[in-house]
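Combine the two chains into a complex, taking the hints into account.
Chains P and R supply the protein sequences, listed in that same order.
Quick note, the first sequence lines up with residues 81 to 1242 if you use this note's numbering.
Quick note, the second sequence lines up with residues -10 to 133 if you use this note's numbering.
Quick list of in silico lysine-lysine cross-link-like pairs, DSBU-like style, CA-CA up to 35 Å:
no.: 1; chain 1: R; residue 1: LYS7; chain 2: P; residue 2: LYS286
no.: 2; chain 1: R; residue 1: LYS7; chain 2: P; residue 2: LYS217
no.: 3; chain 1: P; residue 1: LYS258; chain 2: R; residue 2: LYS(-8)
no.: 4; chain 1: P; residue 1: LYS126; chain 2: R; residue 2: LYS(-1)
no.: 5; chain 1: R; residue 1: LYS(-8); chain 2: P; residue 2: LYS399
no.: 6; chain 1: R; residue 1: LYS26; chain 2: P; residue 2: LYS126
no.: 7; chain 1: R; residue 1: LYS26; chain 2: P; residue 2: LYS842
no.: 8; chain 1: P; residue 1: LYS240; chain 2: R; residue 2: LYS(-8)
no.: 9; chain 1: P; residue 1: LYS318; chain 2: P; residue 2: LYS399
no.: 10; chain 1: R; residue 1: LYS129; chain 2: P; residue 2: LYS217
no.: 11; chain 1: P; residue 1: LYS841; chain 2: R; residue 2: LYS32
no.: 12; chain 1: P; residue 1: LYS134; chain 2: R; residue 2: LYS26
no.: 13; chain 1: R; residue 1: LYS7; chain 2: P; residue 2: LYS180
no.: 14; chain 1: R; residue 1: LYS7; chain 2: R; residue 2: LYS33
no.: 15; chain 1: P; residue 1: LYS217; chain 2: P; residue 2: LYS286
no.: 16; chain 1: P; residue 1: LYS335; chain 2: R; residue 2: LYS(-8)
no.: 17; chain 1: R; residue 1: LYS32; chain 2: R; residue 2: LYS(-1)
One-sided excerpt, in silico: chain R residues whose CB lies under 8 Å from chain P:
no.: 18; residue: GLU34
no.: 19; residue: ASN118
no.: 20; residue: ALA122
No wet-lab data here; the hints were simulated from the structure.
C-beta atoms are modelled at their ideal positions from N, C-alpha and C, and glycine is treated no differently.
Here are the chains, one letter per residue:
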Amino acid sequence: MSDVVEKTLTALPSLLSLDSQPGAGKLSSTSKLGQFIRNITELTSKHEEEKLIKKELAVIKDQVSSPYTTMRQMRELMVRSMYCEMLGYEASFAYIHAIKLAQQGTVLEKRAGYLAVSLFLNENHELLLLLVNTVLKDLQSTNIIEVCMALTVVSQIFPKDMIPAVLPLVEEKLSHPKEIIRRKAVLALYKFYLIAPNQVQHIHGKFRKALCDKDPGVMTSSLHIYLQMIQESPDSYKDLVGSFVTILRQVVGGKLPLDFNYHSIPAPWLQMQLLRILSLLGREDQSTSETMYDVLNESLRRAEMNHNITYAILYECVKAIYTIHPKAELLEKAAKCIGNFVLSPKINLKYLGLKALTYVVQHDASLALQHQMTIIECLDHSDLLIKRETLELLFRITNAQNVTVIVERILSFLRLCNDDYTIIDLVGKVAELAEKYAPDNEWFIQTMTVVFSLGGDLMPPDIPSSFLRLLAEGSQSEVDDRQLKVYAVNSYLSVLNDDCSHLPQRFLQVISWVLGEYSYLREGLDQEEVILLLKKLLDQRGVSAETRSWVLSALTKLCRGSGRAELALAVAESLSSTLDTVLRQQGHELRHLIQDGSLHARVLPQPAPANSLEVDSSLSFLDGFVSDALAAGAAPYKPPHQRQEELGQQRAPTLEPYALSLPMSLSSCTVTDRQSPSVLSMSSGLSANSTEPSQRAGVATLMLEGVKRVWGKEGYLPQRDTSETPATVEEPSDVVQSSHQQVVIDISQPEPEPEPPQLDKKQQLASSLFVGLGSQNSACLLGKTEATVPRFRRKPHLNDASSSGTSERSSDSSHSSHSTADSFLYGGLLEEEPATPIQSSRHAPQPIAASGSCEARQHGLTVNGVDENRGGAVVCAKEEKRAHPTQLIESDMVRVRPNALAEGAVVPPQNCSRHLPSTSSCGSDSEVLKLPFELQNLPHSDIISLISDSHLCISCCRVFREDALLIVLFLSNSTEMVLCDVALELSCEELQMGSLRGNVMESMAGRTSSVCHYTVFMERPHTHVPFTGTVSYQTQPGHKHTLHFSGKLTTADFIRPLVLSTEEYGKLWLSFSHDVKQNLRLLTDAGDPLIATLNVLKDCLQLHIVDIIGSEGIVACRLLDGAPCLMHCRVHGASLAVWLRSSLSSFPDCLLYHCQRALQEH
Amino acid sequence: MIKFLLMINKQGQTRLSKYYDHVDVGKRAALEANVVKCCLFRKKEECSFVEYKDYKLVYRQYAALFIVVGITDDENELSIYELVHNFIEVLDKYFNRVSELDIMFNLDKVHIMLDEMILNGCIVETNKNRILAPLLALDKMAES
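Only chain R is shown next, with the shape it has when bound in the complex (with noise of 0.2 Å):
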């Protein structure tokens, strides 16, 4: 099960957060700064897993922005590593280039990309473009 998906800078600013459990807000940003320092100051050569609470936490860095997903124990590190990049890929597809700026001035879509991709902490949807078509189709309504 994924718990949560955040994606973080360097600065250790939140970019975008969505939790499949509820968190209360207050308790979030205290999370998102723990989480943080898990994942930032670990080396290159380190795994891209970390144990966190009774969670274990994989993350994946693209420049200067790391996607953090927090799931359970029974989950598969490794196909998640790789959700990861699937949704980047998503990202990069529909942005053209996808970058942090990017990802800032749309949340809203980002959000609906994702909603398509892991819903109540399954993953739903990998397929690109079906990912992207419900998103698609509500840009081509807005323009007409």
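The following block holds chain P by itself, in its conformation from the complex (with noise of 0.2 Å):
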């Protein structure tokens, strides 16, 4: 059997070249199948079609049931089933059936029935499942023709869970002599690598054996999985670019069989995927782009037929062109290439070119110049999409000169335009158009004006709410702020003064919004009048609940002064037989407030203080009721995540404590491996999130403001900034502050290019519409980045500000704690470093109030600390051999050095280790290195060399100041020669440094040493900071050498204790609006669980036990002279159930982790 079908197979070019197909057997009339088919075909209706499809399917199922019917009427019953299905009728008793065709019938009845399975059913199907043995069966068949069908299937649709049961056969089938096997279990293996990619982690060779096969099909079958895989992470796969090249010059080359040539074009589509892979490998990166420079020269010259599928193949030689790293001769061929497809009269091509020249606009703006003429007839094209594709361009080019003409442009094709998608899409873009270039606030309120009322109730409503934020909030100057609420007030009275009763919701709402806050602002106007707007607005139909409810608000806010409140209080009286609850309400509390004008001077004070008005999001005001109820005994609050942990744990015991339990137990067992990059970024990535609010749009994490802003500068399209700034570059931003004469100004100016003094229309519009870019026409190959300077610079602090006056948008920031303390937990997952052993020997700084005694008793513990730590070296001792030297920082020892042995700033090596007793931590034959005099009574670490090579040696030293870290650097030359110009660099992004002296030297003697300090201030926590550092210095003029060092700073060493007594606790506490709660564990080892556990505390991260009373301890500490934290520890059960609050929102989030990592450590 198998015989016939390889010989069918490789017999088959003869056979088709026979050209012996008479249409491929045509139905018999007669069939039923034909039948049903001439029934379709004459159809006139609606109706009739469905009373015709809902008797054949009664038919049908009558048939397919019975067991008379043959495994050939059951094909025919099945093509009649896909019809039904395919005309929208539903034939869900004939899934089984196609499974069981599948499985019983021969081959034409079983591709039949394969073909019914993959057109019925998806995914997830629960039939599937019964498909799997089918399938088993087939792969292992020796009919080729059946292996075929099986990966066929297999490759369209399989159960996930199912995969381990075919993949071995699926991958024996790589190595199949028929290339068609071999390339189907290609696909197959694509599918899985789709939908379970960890699946197929173990075959990637296998993928490259598929690449390098001698078959070209099975070839350009793997590239789909390498497009794939190269998009997620180009840089592992940088060493095939050589293959990618070599295939694709073979491709062009015309190396393929004939038959693989379409239009005599060779293999256009496999040239088209190899482009895309090769962009991909080459983006950002000059050295793999080198080598693909004449490969793209050969396919760009290759392709100058003159066929639609030549040029498919250079607009993806184009784009390819443009995302790797430049070549002038390429760009300019590439550049004529476009010219050529936008001044084509096809239309199609006239497309594609404005397509590629949108691409390529964000990379080389000049380009848009040299085609503005094409462009403007785009503009007035009859063809939407010509056009929308026109408009898309402009938004890319768009700068603070050109943007009231396009905008313009825009809005007036949204005027004409019915498809809510375009309408969504433009309406924002118009919005974050207007946002960062508005040349006035004039301009700017008309053109969100026309915005709204065109965005209508599709808008997302991300875009109202973020420009009432932005009215809101206001930018850097007062007197512009004050205008445009001023002229925002304006605009809407007039609004409102015409009819409005076509208005969309949302706009009516930013409105009511809009008067009731800053109407008050406009001198001259009677506020009665206004009242008088919004309640015939009230009164008016159509206008939605939720919109009543905007204006009753606003209405709130207006009500003060006699007449006004009259005239509220009429509205009032008529909501409080309305039948909605919600408007009753705000009309009873708008009665009350109306009575009682203190109470609405204190609720809704008249300039309403958009910044100092602070949200308590944490409640502290019901702490009192709270802990009143828990004396009455109440069940103290969970938060969400805890309860469904606590949940979790019920219906599951695990002996471990929960919460901490997974990623600590993990990050204490896995093989630890300190170098990996990741794990510094990882910690970076991690601070980050939880600290910046305002950076938090960008990274996809929950945002503090509780609005989502897709349209924000940077929300929507991430990489909207780099495309964006060519268009901007080289403006001051008084150009941008101009006025709108200003731009008139600049649409009448010629462009640099010598015109005919009679400009006609669309020359004019041609000017500005690419002014601005003119400055570009210079070669900027590169994607370059100059800010641009949006008109409303969003103040730094978005958390409360937005929510003065409309209460169901107060902020959540508790939430976002929340969130934060999920980041940390998951982060502990992540991280594989070990965790720090900060506790093993640190000795407490001294404590606020530290007197003479406190000084005295230190000086007794420090003697020990010599001693101890000799015990507590051979414990670290193997860290400290595993940490590379550059990263010692976190893992060394901390001790305080004995006074007596104090010397001089600087003290020679060689001197010092004379003087000293063995006891130096760096080891006896190493030199030894002292704090300055006026250091060593600090509390602070061990010196840990950092880097050293031939001449030069650091050494770092933290020394825990009250206001400050102090980060002290020893240099010490270890030869005899003189060093020349020493220079000490040290940064961090994140913290404030200071440097307090020595970092320049001109010169430095040999075998001396020298110091240098730097202060460090955290202003906000992180977890972890990562410092990096610079020595550079000449051995001889001329000669110059730097070394590089980094370490890390985590938050803990910027904790210091808080002295206070228990009611001065009290009231801090309550003063606090951050706040989070977290169990962690108890140290059950040794005396009081609670009093052991908090004195781990203690010493680990410089904590203050202010009081411990029973089951309930108190803990104060803060970040150096800064924010400080309470934390409120109560036992509860076998866990500690902690309760931090602070001043600052990441705090709390901070301290717990690093209270988790101690304890864990313990």
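The structure is reproduced here in structure tokens:
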């Protein structure tokens, strides 16, 4: 049997050339399928169709379940069911029979069965499981055709969970002698890779084999996998660039068999696939790009035939050339190519040219200038798609000078557009442009008015809320803000004075909010008039309940003063019987506020203080109530995630403490790899997440503001910034702020190229559209990044300000703090480094209230400290050895050196080693460095060697000063030579740093040391902060040496004890709004678990234990001498329930993280 | 990525539909009706690509039959436009001057050919002989 098939396959080409397939057996008109199709073609109405199909379905249903139906008939029935489904009538009863047909039929019927299955079922259909056995059987068949079918269906739909069952069989097929089987096996693996990448992890090597397969078809199919994988991580496949280039060269050179040609172009789709892969690999990689210049040039040259398919290839080529590292010669050719496209009379080509141009302008805006007249023509093109693509292009070249013209164009397109998707897209773009480049307030408000009225209620809610926030928060300048608000009030009043029955609800909401909030700013405006307008709105039909409630809150703000109060009172009365409970309640509130003037003034102060309005998201004013309730026996509140965990725990009891157990046990048992760069980046990512709310928009995490800003400067389309910037380079900020008049002048300014004095309309338009791009004319090949100056620079704090007045938009930082807590937990899971052994021997720095006695005690301690450390050193020795020298800071031991050993500020090392006892931590043979005298009394870490080369050795010590962290760097010249021009630089992005002294020296004598101090401040907590530094010096003039080092600081370095009394603690507790609750592990190994645990935390993290009463303890600390953090601990079963509060939102999370670490380490 | 391929005649009747992302049977009819609306009434001088929701439609007309392909924005429209032609050439080769009726009467075979060309929304084979090989082998076996 299989022999026959093999012969058939090999004989195929000759079969085809005979051209002897007469319609491939048309169905006889007498067959039922034939009759059915005939009936379908004669249908004239939907109603008839429905009747016919219903009847047909009934017949099919009857027949499929009949035991006398043969497989041949079954096949026909399946095709009829396919027809029914294709026309939109479900034939679910046939599904199981399709599977049966695939199982039992002979070849042709089997194929029909498989086909029906792939058409009827989706990936998650449960019946699919029944197919697995059939597939398994067919994969092992000796009949190639059957194997083929099985592989085809596997690569179409296959249940994810069953992949392991067929995987070995499919893999085996990769070395099948027939190319078609190998090809299909590769495609099946591609499918597996898409739905379950982990499962095919182990066969990456075989993919490479497929890429090198002698059959071009097999190689082609492997490219799908590679495209996918390269998209995910281009860096892992750079070694394959050579292969891809060779393949492309061979394809372009016509080395493939002739039947791969399409209209005499060799394998065009394969070429395009390869070009896409190459552009991904060459992006931002000069050396890789260089290897592909030749072949790209060749592709460009070969594709000069006049056929659509060559244009398609050219398009990919051009895209690739602009994506990879630029080469002038190629860019020139590509630009010419785009020019040909754009100027082509063929509309499809013109479109493709515009699309290419849109892609390219983000790299080189001047190209748009070259084709400005064509672009203008396309703007007025009758074809909507062309117009739309042109607008997209204009959107990308918008800058502060052409924004008015471009936005006007987009808006006029929008006015005629009735497609929802287009409207949503374009409205968002206009809003973005308006916010970014608005030339003046008037224009901005007017544009937004159009946006709101055109966007209607389709508009994503982010646009109005972002607009309102912008109004509320304002920009840097007070005067500007006021002007903006007044202008908004004016224009909205005039909108309301006109007929506003057609306005979308969203816009009405915006209007009422603005009027309620800012109408008082306009002088000479009778507020009664505003109230009347709003009242009219309230009574208007077609206004939704939501809008009414916005209007009401506006009224509530306005109702101060006698005449107004009466008007408002009338409104309140009229609402007292409304059926809508929300409105009724608001009406009720309104009445109360009118009657109680002082309450009104307190609730809604007139100049609504956008920034000073603190939203107490933790509801601390309810604390009294809560403590009363707790005292009365109520269960303490647990945050949702904790409740969930506890639920989970109840279901499946575990013996380990929850919450921390997983990440911590993982981190302590994984083989550690401190050098792994992922650790560093991971932790820096973490810290960025946890602290900078303003940066969050970029990172895909929960946003603090509570309102998502898709259209913000960074939010929508992450690459937008880079794509925009080329268009707006060299804009002094005063131009951005320029008035409308100035823009008008710009419009009339002629272009750089000499134009005839009479500008016709189009050229005028051109000059106004492309203004600002001219400066770009000079070669600007690379993506340059010069920041644009958005008109409305938001203030950095986005947190609470926006919620003034609108009660439903209160921010919820409690949410965010949970999320950061989670992210720490998550971080712990991934972090591979061993937890810092901070607590091993660090001594407490002096508390704030340190007195003489304290000092004395410390001295006593320090003397012991040295001895203790000898023991400790053994424990930590392993840790130190493993650690990379440049990252030692984290794992060092901390100790305070005895005073008696103090010498001068800079001690020549060799002297020192003679003086010192052999307890020195650096080992007896190395030089011993000492802290300057004035620092020796302060708590400090051990001195660790950071890095050294043949001349210089750099060591580091951290000194924990009350108000800062002092990084003391020791430079010691280990040679006899004099080193010149020694310069030290230390930098850290997240932290403030100040150099105190000694970072530049003209010369450094042989065998001497020098000390540099850096003070480091932390204003916002970060879990880990990496820092880097360089030292440069010259051994002889002209011989410059540079040493790089790096290290890491943690919040723990910046935590200082906060000494206060229980009463002070209580007061402080109530004043903080950011809180986090979590359960920690309780140490039960020695004595009182609470005291033991707190002592461990105290020793590790410099906390101050304020008080311990029964099973509760209170602890306080602060960040240097800044923000305090209070911790309330309570023994709760086998764990310690802690509740942290601070004035800094991320501090509790950070501290909690370090507490977890510390306890885990213990 | 190719999202779907439809063959619809001038009267708006679907002759073949293949979806590469799951779409409920009930929703397909509505989608097809919209797609037809987008493509049928376009003039000759307008371009062969249309925006439809967040897809692009690429269509090509052969006599009374429209072939419409829904693609994502990252796909090259012109290459799909030519792919459609390649598909028709394959059908032509198999049916020897293909007509709408051929497609209707041999729905399953057309699907089989299409499955060879496009898989999971990717173009996997464009060599006509290779596209036809499995089907011809099937025919051969059915005859014997």
